[in-house]
Structures are given as C-alpha cells and as structure tokens.
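Add chain B to chain A, keeping to what the hints say.
These protein sequence lines are chains A and B, in that order.
Going by this note's numbering, the first residue of the first sequence is number -15, and it counts up by one from there.
Going by this note's numbering, the first residue of the second sequence is number 1001, and it counts up by one from there.
For the record, the hints were derived by calculation from the structure and aren't laboratory data.
For glycine and all other residues, C-beta sits at the position ideal for the given N, C-alpha and C.
The reader is advised that the hints may include incorrect statements.
Computed beta-carbon distance windows for the label pairs [unchecked claim]:
(1) A/189 <-> B/1227: 52 to 62 Å
(2) A/111 <-> B/1128: 37 to 47 Å
(3) B/1111 <-> A/-15: 26 to 36 Å
(4) B/1145 <-> A/189: 23 to 33 Å
(5) B/1148 <-> A/19: 28 to 38 Å
(6) A/111 <-> B/1059: 31 to 41 Å
With a cut-off of at most 20 Å between alpha-carbon atoms, the simulated SDA-like pairs for lysine to any residue come out as follows [as the list claims (entries may be wrong)]:
(7) B/1178 <-> A/123
(8) B/1111 <-> A/138
(9) A/19 <-> A/111
(10) B/1147 <-> A/135
(11) A/120 <-> A/141
(12) A/120 <-> A/21
(13) A/18 <-> A/117
(14) B/1111 <-> A/123
(15) A/120 <-> A/28
(16) A/11 <-> A/-14
(17) A/120 <-> B/1174
(18) B/1178 <-> A/116
(19) B/1111 <-> A/21
(20) B/1147 <-> A/138
(21) A/19 <-> A/29
(22) B/1147 <-> A/134
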Amino acid sequence: MLELYGSGDPATLKLVICLEELALPYKFHALDLKKLDQWSPAHRSMAPQGEVPVLVDGVYVMSDATIALLYLGESHRQANLVSSDPALQYDVQALNDVLDAALLGSVNLIGWHRQQDGAARAAFNEALAAVPGRQKAAGWSAVWRDAESDRLRWAEEKIAGGAAKIEAALGMRPWLVCHGFTIADIGAFALAESLPALMPGLVDAQRTPQLYAWILRMRARPAVRRALTGAGRSHGGTLYAPP
Amino acid sequence: MTDSRGSGDRPAVYTWDPNSNSGKPLFVFNEKGVEFDYHYISLTDFEQHAPEYLTINPDGTVPALVHRGRVFTESTPMCEYIDASFAGPSLVPNDAAARYRMRNRCRRTDKAAEALSVIGWHLFLGPMVRSKSPEEMERLIARIPTKERRISWQTASQATFSEEQLATARARVGEYVKELEADLAKSPWLAGDQFSLADILTFANFYALPGGYPEFATTNFAPRVLDWLRRIYARPATAKTFGMARSIARRAFDIARGLGNPMAEPARA
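So that you can see chain A by itself, here it is in the shape it has in the complex (with noise of 0.2 Å):
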C-alpha cells in the first residue's frame, strides 16, 4: 500500500489527485506544518530537509512531488498519463519544471502571508530558527531580496510569468500538451487552482479566459474534485506551506 505523508499544500495536492486519478489505495498521514511537523525526527528520516509531501511505495521514499508524479505516470502507464513520444514527454517535464520554478515558492509564500497573521508568522520564524541541521538557502533569490514587501512583489511577478505561461500552452488545446491529459495538468493545476482566489486581479474568466476555463474543467473531473475534498483538506481548502 502507498502511503502519502503531506498537509492541504499545492504540493501534496499534486499526488493526492494523481493517486485518484489512476485509483491506487493509498493511506494519508497528515502533517500539521504550522506545527513543524515536517521537522520532526520521525518525518526527517524520510526527508532530512523537511520536504513535503512525501510518497512510500515499498522500500522506496520519494521527497520530490514532481518526480514522484512522473515515477506514478510510468508507473501507471496503461492510465496515459505520460507520453512515450519523447518530444510530447518533453513537454510534460518542462512544463512541471518551469511552473515549479515560477509558481511553487510564490504561491506558498503569498498564501502564508494571507493565511498567517504577522504575530503567527513570527512565531513559526522563532520556532523554524531552532530547528537543528536546517540548510540556509543560497541561492539568488536568498542573497537578493531580504526585505519581505520585496520578496512578495517578486512573487507575484514570478505568478503572472506562469499563468502567462498556461494562459499560453492552453491557447492551442484543451489540455497543457498535445498528447492529452497528463500529469503536466495535474502538476499545474495543483499550483494554480487557488489562483482566481489568492490573485482575483491577475486570474479571471476576463484576463485569463483558458486558464480560468481550464481550472473549472480540471474541478468537474471526479478524481480531481474527491482529492480537493479529501485526504490534508477536510476544513475545506488550500492550507499553504511555510517558508
């Protein structure tokens, strides 16, 4: 039986819904991350970095909810939710890549800020600062933009490059690649879904016709709507990941 370890974060969402998708029995732990709890010593010895989710299938532990997604896919391919024409699974995979890369970080970030008050946050910073072995991020973002109005303006330009980007893809076809439904859609959707609520001014029926069309879509799937509802969610909505 595949276990899910994750929280109602966009992340989480992503194999939640792929496991509904191709109706594989799963058991989900749920982790309460305002509390740490994927800076537990039980959850580091899955993933030494705190990184949420985390899918077991056997032996083997899978902190990237991306890869994870493909390494179902492949799994699973009987379900068509990859391709096995190189150039269309291209796509696939750099579509996950580059909408990790413009949406994962800034929807998580601007949504804890909407969601945590500044008295709330400051206590989870207190209690993440004690956390031992946490690796400092190092990266350009890191060493740029330590003001946090300017980390959240930077945010929201990284969101309006992906929705451009799906806004885009979807222009030409129902679904973000040529090949069908795949798990780009769901990989996308997971990081897009709370777009028209969290960014009402960027993402609507009028500035974003596909992408809005295709949000809705997406929701009237059975497996997507059971994921949105079930497993990490049972309050009923997005609950985003901390720093």
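Just chain B now, kept in the frame of chain A:
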C-alpha cells in the same frame, strides 16, 4: 537534410561553453556518440539576448536544442529527450525507482547550482559586468526579452555580495558535496550501478570543484567525490566535450592535471 540549424535529423545545439546548464547537452551528445552542430553563443558578449538568437529561443536562455524543427529550451528534460531520441548507450535507467533517484539528483543539483552561480558571479561575471559603462549595461539589459529576467539582471548588475552571503553560498556547496559523497557510498554512480544523466548533469556543474573549492576537494572531506570526478574526467566523451570549450571551461584541463591527469587532451581543432 543538411541544414545546420536543426530542421532535419541532425541536431543543432545553441549554447555557451561546456559549463553548468550550457554544457549539459554537449556532454550528453558526446556520451551518445551523436554528431551535432554546435552554435557557440558567447554569454560574456551577451549574445543570448541578441536578435539573431531570439529567433531561435525567444526567452533568450541557453542552451537551446533544435531537432526536426522543434526547439527545446529546458536543459534537464532536454537531456532526457536526447537520450530517448538518439542511438548510443542508454543514460536513463529503465527501472522506475532508479529513474526517480536519477531525476531527484538532477533536480537537487540544479538547486545546488544556484549557490555555485552566486560564487561564479562574484568571481567572474560580476566584475566583467561592472567593467562595462552604465550606458552599455542599460542597452544590454533593455534587449532582454522577459520582464522577470530584466529585473534579475538589473539587480545583478549592481549586486555585490557580503562576506556573510558568500560564506553561506560556499557552505551550501560543501553540504552538497557531502550529499554526493553519501550517494557514492551506496553505489559507484550517483543513481546506482549505471552511469546516467545524474552523473553527467552533476559533473557539468561540479567539474571545477578542485579549482574553485579546494577545501571540499580533498581525500579527507570527500574521497568518493574525488574518485568520481577522476572517473568522469577519464571518459573519452569528457575530453571531447572540453576540447570544444573556448572560454571558462578550458580550465578543465588544468583541473584534470591537478587530479593526476586522467583526461587526455585532444588535439586542438
């Protein structure tokens, strides 16, 4: 078709030196033993933002692969495309779990490469950019096609990093070398028994470790990583790829000499 721009079966690669993302498709094609056309795009001359190149890749990033009239611009999935589409030794494991391990390593290397690029900017690109006049920089930034990357370059062109920021980036590199060392304790190559894209793509980013980070390239700190570097330097495809280098990656020959000369320098073309 013999069109060197990649409209036919012969692939065309538009890229800089065999260094980091730019090097990935070069190493992979040479490992596969596949002939390709190499169109050199000089990053230090900002050719990636020149109008001629933007007709190939409107985003203005390298590398770009053109094959059968299609353009591929994301370097990591591009390498999987090359492996699946061309003859030659397989560089992607068949087994789903080994494939997960390979892809996970590629993604983690891409993340760790951000720390490398902070140091690389500090040592090489930053000083070069700051030596240009403000008017020249303004002109170069204005032709960058995406707003997000214009903002990045604007900030970068003025950025100097504090000692603390540089120390954090260096420490991150050291942590990642330790992570590679742990992987190599489990198997001879990063994703298992088979030499794979995980090794090639990580090497493309870390080949210069002994030059830039001598404190991490010691038998005390990371003996298996040193041995792994030597094994990859000794591969014929590695020598062939570095033989194509025109600027920064020429240092690979000095680094290989420092590692006991595992790489035969090919005759210069």
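Quick rundown of the hints versus the structure:
1. A beta carbon spacing of about 58 Å between residue 189 of chain A and residue 1227 of chain B agrees with the range 52 to 62 Å that was offered as a hint.
2. Checked against the hint of 37 to 47 Å, the pair residue 111 of chain A and residue 1128 of chain B passes, with Cβ atoms roughly 43 Å apart.
3. Our hint of 26 to 36 Å for residue 1111 of chain B and residue -15 of chain A holds, since their Cβ atoms are close to 31 Å apart.
4. With their beta carbons about 28 Å apart, residue 1145 of chain B and residue 189 of chain A fall inside the hinted range of 23 to 33 Å.
5. At about 34 Å, the beta-carbon gap between residue 1148 of chain B and residue 19 of chain A stays in the expected band of 28 to 38 Å.
6. Checked against the hint of 31 to 41 Å, the C-beta distance between residue 111 of chain A and residue 1059 of chain B comes to roughly 40 Å, which is consistent with it.
7. As the CA atoms of residue 1178 of chain B and residue 123 of chain A are separated by approximately 18 Å, the hinted pair is consistent with the 20 Å bound.
8. Taking the CA atoms of residue 1111 of chain B and residue 138 of chain A, the gap is about 19 Å. The hint holds against a cut of 20 Å.
9. A C-alpha spacing of about 9 Å is found between residue 19 of chain A and residue 111 of chain A, which places the hinted pair at or below 20 Å, so the restraint holds.
10. For the hint pairing residue 1147 of chain B with residue 135 of chain A, the CA-to-CA distance comes to about 16 Å; that is within 20 Å, so the pair holds.
11. Pair hint residue 120 of chain A plus residue 141 of chain A does not hold up; C-alpha atoms about 24 Å apart against a cutoff of 20 Å.
12. For the proposed pair residue 120 of chain A and residue 21 of chain A, the alpha carbon gap of about 19 Å is at most 20 Å, so the pair holds.
13. For the hint pairing residue 18 of chain A with residue 117 of chain A, the CA-to-CA distance comes to about 19 Å; that is within 20 Å, so the pair holds.
14. The straight-line distance between the Cα atoms of residue 1111 of chain B and residue 123 of chain A is roughly 8 Å, inside the 20 Å bound, and the hint therefore holds.
15. Distance restraint check for residue 120 of chain A and residue 28 of chain A: the Cα-Cα separation of roughly 16 Å lies within the 20 Å cut-off, and the hinted pair is therefore satisfied.
16. Between residue 11 of chain A and residue -14 of chain A the alpha-carbon distance is near 6 Å, which keeps this suggested pair within the 20 Å criterion.
17. Of the pairs offered as hints, the one joining residue 120 of chain A and residue 1174 of chain B holds, with about 12 Å between alpha carbons and a cut-off of 20 Å not exceeded.
18. About 17 Å separates the Cα atoms of residue 1178 of chain B and residue 116 of chain A, which keeps this hinted pair within 20 Å; it holds.
19. Note on residue 1111 of chain B and residue 21 of chain A: the hinted pairing is violated, with a Cα-Cα distance of about 24 Å set against a maximum of 20 Å.
20. Between residue 1147 of chain B and residue 138 of chain A the alpha-carbon distance is near 11 Å, which keeps this suggested pair within the 20 Å criterion.
21. Restraint check for residue 19 of chain A and residue 29 of chain A: satisfied, since their Cα atoms lie roughly 18 Å apart, inside the 20 Å limit.
22. Between residue 1147 of chain B and residue 134 of chain A the alpha-carbon distance is near 16 Å, which keeps this suggested pair within the 20 Å criterion.
In summary, the structure is inconsistent with hints 11 and 19 from the numbered list given earlier, while agreeing with the others.
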